Amino acid sequence: MENNFSGGGSNSNNKNNNSKTIKNKTGFTEKMLKNRYYPIVFLIIIVFVSVSLVMLLSNVTKARIIAQRDEAIISQFKVIFPDIQDYNSRDVYYEIYSGGAIIGYAFIAKGQGYGGEISILIGINSDFAVKKITIIANTETPGLGTKISENFFIDQFAGLSSSEISLAKDGGKIDAITGATISSQAVVNAVKNQLETIVEIIKGQQK
Amino acid sequence: MTKSPERSVAKEFLKEVLKGIVASNPVFVLVLGLCPALAVTISIDNALGMGAGVLFVLLGSNIIISLIRKITPGLVRIPVFVVVIATFVTILSLVFEAYVPLLYKSLGIYLPLIVVNCIILGRAEAFASKSTILMSTADAIGIGIGFTVAMLLVSIFREVLGTGKLVVFGNTVFSIPVLSESPLAFFIMPPGAFLVLGLLLGLFRCLGVLKSE
Numbered sequence: 001m002e003n004n005f006s007g008g009g010s011n012s013n014n015k016n017n018n019s020k021t022i023k024n025k026t027g028f029t030e031k032m033l034k035n036r037y038y039p040i041v042f043l044i045i046i047v048f049v050s051v052s053l054v055m056l057l058s059n060v061t062k063a064r065i066i067a068q069r070d071e072a073i074i075s076q077f078k079v080i081f082p083d084i085q086d087y088n089s090r091d092v093y094y095e096i097y098s099g100g101a102i103i104g105y106a107f108i109a110k111g112q113g114y115g116g117e118i119s120i121l122i123g124i125n126s127d128f129a130v131k132k133i134t135i136i137a138n139t140e141t142p143g144l145g146t147k148i149s150e151n152f153f154i155d156q157f158a159g160l161s162s163s164e165i166s167l168a169k170d171g172g173k174i175d176a177i178t179g180a181t182i183s184s185q186a187v188v189n190a191v192k193n194q195l196e197t198i199v200e201i202i203k204g205q206q207k
Numbered sequence: 001m002t003k004s005p006e007r008s009v010a011k012e013f014l015k016e017v018l019k020g021i022v023a024s025n026p027v028f029v030l031v032l033g034l035c036p037a038l039a040v041t042i043s044i045d046n047a048l049g050m051g052a053g054v055l056f057v058l059l060g061s062n063i064i065i066s067l068i069r070k071i072t073p074g075l076v077r078i079p080v081f082v083v084v085i086a087t088f089v090t091i092l093s094l095v096f097e098a099y100v101p102l103l104y105k106s107l108g109i110y111l112p113l114i115v116v117n118c119i120i121l122g123r124a125e126a127f128a129s130k131s132t133i134l135m136s137t138a139d140a141i142g143i144g145i146g147f148t149v150a151m152l153l154v155s156i157f158r159e160v161l162g163t164g165k166l167v168v169f170g171n172t173v174f175s176i177p178v179l180s181e182s183p184l185a186f187f188i189m190p191p192g193a194f195l196v197l198g199l200l201l202g203l204f205r206c207l208g209v210l211k212s213e
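Those protein sequences? They're chains A and B, same order as listed. Number 1 in our numbering belongs to position 1 of the first sequence; there are no gaps in the numbering. Number 67 in our numbering belongs to position 67 of the second sequence; there are no gaps in the numbering.
If you're looking for bench data, these hints aren't it; they were derived computationally from the structure. This one's a predicted model, so the numbers in the text were calculated from it and none came from an experiment. Among the hints, erroneous ones may be present.
Calculated Cβ distances over 10 Å to all of chain A for the following chain B residues [claimed, not checked]:
id : residue
1  : L59
2  : A86
3  : S106
4  : V116
5  : G170
6  : V178
Cross-link-like lysine-lysine pairs, in silico, DSSO-like; alpha carbons within 27 Å at most [stated by the list, open to error]:
id : chain 1 : residue 1 : chain 2 : residue 2
7  : A       : K31       : B       : K105
8  : A       : K147      : B       : K105
9  : A       : K34       : B       : K70
10 : A       : K203      : A       : K110
Glycine included, each C-beta is placed from N, C-alpha and C at the ideal position.
Same shape as in the complex, but just chain A (with noise of 0.2 Å):
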């Protein structure tokens, strides 16, 4: 035990001189890698030192990264609403603006496809009616299930209400895709139920 004092003293000793002792360095340098707590500084001067560099990079680089976000969302916007001139985020849904007045909203939605998850984003029009849809991404059979993200089947949506969605088996305006019934019928719900809560949430702040 007093060995390991002396040790932990000697140490202090060390940093405190560490100005003094620098010509006699070689001797320095022995007794400090031969402390039993040299290791244990050692590793937190340097990940002081690597935390500091990358905070420094992180805020000079944090303006150009938001920007290159903001830019990338926008231009999935510009896909449905063209004449978009800037979008707001309120938590789970944007809304998009042109000439300072909302011409719209947009929001994601998420279905269980054949293949696994797929993303949409969805534009409305200010009167709730869908405007157009698009596929962010999905994981379905290429060839067949990818189809969804073809015009002929997401053009089927616009100008719909919530209503009017289901597949035209169950009565509503949307054509499945031949061999492609699942990622169809996944598509539809996701759009339709999302459609549904978003429009609630929004009616409800209008209040």
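With chain A fixed as given, assemble chain B onto it according to the hints.
Using the frame of chain A, we list chain B on its own:
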């Protein structure tokens, strides 16, 4: 001062660089860093981006680790190496996200995973922690270029066979008439990566054996 020592240093430097590219190519000879070599070689752009990223991290970590090699306690050397490498990877991913967002997006998870790329930790442990800064720099340049070359080779085969054309930074270099209409999509998918890499590994091994005989 005579000229000969300078020349011999330059010679050593060049030898070290060349060694990394050919004789101990990280992918084809050392068989390290296969995870990104399989996963990101879908297109030439990705392969180039990944290669440049690894080169940068390798250069940074090799120089710093060589610089602090005499004061690094052996007991905590691996944590120290990992912290140094992780710092450079974080710097890289911040810069990529800010200035080349498309590349950042397509590299995805494989960019932060450079931290655990065994090429970089391997060079730190086997080379930089025992060599001078100059030689560590040469080693990093050689291994980095060697990795990039390997990535390029794999991705050229996969992109040309899998899509029927070669696109570099958005410019189509050439397009094969029949293949571009009905491409062999198999090569773009993961099994294609294994096949191409396996064949290239075999080829390099064959060349190595022939040369040594």
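Now for the hints, and whether the structure bears them out:
Every C-beta of chain A lies more than 10 Å from that of L59/B, the closest at about 16 Å, which supports listing it as non-interface. Residue-level check failed: A86/B sits 7 Å from the nearest beta carbon of chain A, not beyond 10 Å. Every Cβ of chain A is farther than 10 Å from the Cβ of S106/B; the closest lies at roughly 13 Å, confirming the non-interface assignment. The Cβ of V116/B lies farther than 10 Å from every Cβ of chain A, with a closest approach of about 17 Å, so its non-interface assignment holds.
With 10 Å as the threshold on Cβ separation, the claim that G170/B sits away from chain A holds: the shortest Cβ distance comes to roughly 16 Å. At the 10 Å boundary, the C-beta of V178/B stays outside the reach of chain A, the nearest C-beta of that chain being 19 Å off. Proposed proximity of K31/A and K105/B is contradicted: the alpha carbons are some 49 Å apart, above 27 Å. Of the supplied pair hints, the one linking K147/A and K105/B holds, its CA atoms being roughly 24 Å apart against a limit of 27 Å.
A threshold of 27 Å between alpha carbons decides the hint, and for K34/A with K70/B the separation of about 13 Å falls inside it, so the pair holds. With a C-alpha separation of about 22 Å, the suggested pair K203/A and K110/A falls inside the 27 Å cut-off, and the hint holds.
Consistency note: the structure conflicts with the earlier hints numbered 2 and 7.
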